[in-house]
Amino acid sequence: MPARTRRTRTIEDRRREFETEALPHLQELFGLALRLTGGDESRSEDLVQDVMLRAWRSWDRFESGTNCRAWLMTILRNGFINSFRRDRSGPVKVEFEEIAEGHGSGSLYESDPEGRVFDQLVNEHVLRAIEELPDEFRVPVVLVDVEGMGYQEVADTMGIPVGTLKSRLFRGRKRLQVRLHRFAVELGYLP
Amino acid sequence: MNDQERPEGIEPDRAPEELSCEESLALVYEFLDGELPAERNEAIRRHVRMCRRCYPHFDFERIFLDYLHEAGSVAQANPDLERRIRSLIAEDDS
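Sequences listed follow chains A and B, in order. At position 73 of the first sequence the residue is numbered 73 (the numbering used here), and the sequence of numbers has no breaks. At position 68 of the second sequence the residue is numbered 1068 (the numbering used here), and the sequence of numbers has no breaks.
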């Protein structure tokens, strides 16, 4: 019997497909939303809910068998970035802040060049450190480091030059190291 | 090679593949992220392999980025969220 075409599927067929293919990615979507919003659970739930509703309404355009996770993640990223860009039409002050970062004396690298402390710090520490980053640094770190996106794609998504993206990524990562170093000292893992 | 063709950060009297420690360290993240052109990538790989100063830096940053990727992916949504989404989809049909 030939497979039903998109046009002849009943609403129940569509819902069953959606529940089988899209809903299993809910946890991953929530994880990405949580990272992007800096740990704001309520905003993350709203974002994921919005993504799922949009995806449902466009379900006829999704080709079954293609990468549903990637499709949903793209809807989420674009939705978040659009609101991020709308909220930040003015100059970004954080670019000019003086912050302690780098491989200087007292850095995480100087204290623990083999990175052993990463085995001791639990996920909660890195999640907290990511949440504490200003948006301008957190978004590139999440998209590149957690999501594994390329520089050009993230720069295009955020509407910034690749050079600016590299600078924010570099500084975001260094800030994370400073914060993780502080956690490790507080917990007695490092002197 | 004229100035326009020369990769940024390479001094005029050195071959492009001979990078200093400072030049290599400045590109550590682009190297580890796989964002460098093949020639520059290879030049850094050669430098780091031979350099006692740079090797531990690169190794540290690699461990850090792996850690970030692993630890940053973990999260658990409230079970109510899935119920709410199912009900929204059901309502959207009507």
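Just so you know, these hints were derived from the structure itself, not from any lab. In this text the structure is predicted, and so the values were computed from the model without any measurement. Among these hints, one or two may not hold up.
Derived SDA-like pairs (lysine to any residue); straight-line CA-CA distance at most 25 Å [what the hints assert, rightly or not]: (1) A:174 to A:163; (2) A:166 to B:1056; (3) A:166 to A:18; (4) A:166 to B:1078; (5) A:174 to A:185; (6) A:174 to B:1079; (7) A:174 to B:1026; (8) A:166 to A:19; (9) A:166 to A:186; (10) A:166 to B:1090; (11) A:166 to B:1032; (12) A:174 to B:1029; (13) A:166 to A:45; (14) A:166 to B:1067; (15) A:174 to B:1084; (16) A:166 to B:1020; (17) A:166 to A:187; (18) A:166 to B:1092; (19) A:166 to A:190; (20) A:174 to A:54; (21) A:174 to B:1077.
Structure-based check of each hint:
1. A:174 to A:163: holds, 17 Å
2. A:166 to B:1056: Status holds; Cα separation ~22 Å.
3. A:166 to A:18: violated, 37 Å
4. A:166 to B:1078: violated, 34 Å
5. A:174 to A:185: This hinted pair holds, its Cα atoms lying about 17 Å apart.
6. A:174 to B:1079: violated, 35 Å
7. A:174 to B:1026: holds, 13 Å
8. A:166 to A:19: violated, 38 Å
9. A:166 to A:186: With Cα atoms ~30 Å apart, residue 166 of chain A and residue 186 of chain A exceed 25 Å; violated.
10. A:166 to B:1090: The hint is violated at about 44 Å.
11. A:166 to B:1032: At roughly 13 Å apart (the allowed maximum being 25 Å), residue 1032 of chain B and residue 166 of chain A satisfy the hint.
12. A:174 to B:1029: Cα-Cα ~11 Å, so holds.
13. A:166 to A:45: Answer violated: residue 166 of chain A to residue 45 of chain A is near 30 Å, above 25 Å.
14. A:166 to B:1067: Holds. Residue 166 of chain A to residue 1067 of chain B sits at ~20 Å (cutoff 25 Å).
15. A:174 to B:1084: Not satisfied, since the Cα-Cα distance of roughly 39 Å exceeds 25 Å.
16. A:166 to B:1020: Judged against 25 Å, a Cα distance of about 21 Å means the pair holds.
17. A:166 to A:187: Answer violated: residue 166 of chain A to residue 187 of chain A is near 31 Å, above 25 Å.
18. A:166 to B:1092: Violated. Residue 166 of chain A to residue 1092 of chain B sits at ~42 Å, over the 25 Å cutoff.
19. A:166 to A:190: This hinted pair is violated, its Cα atoms lying about 30 Å apart.
20. A:174 to A:54: violated, 36 Å
21. A:174 to B:1077: Given that 25 Å is the threshold and the Cα spacing comes to 29 Å, the pair is violated.
Hints 3, 4, 6, 8, 9, 10, 13, 15, 17, 18, 19, 20, 21, counting from the list given before, are not met by this structure.
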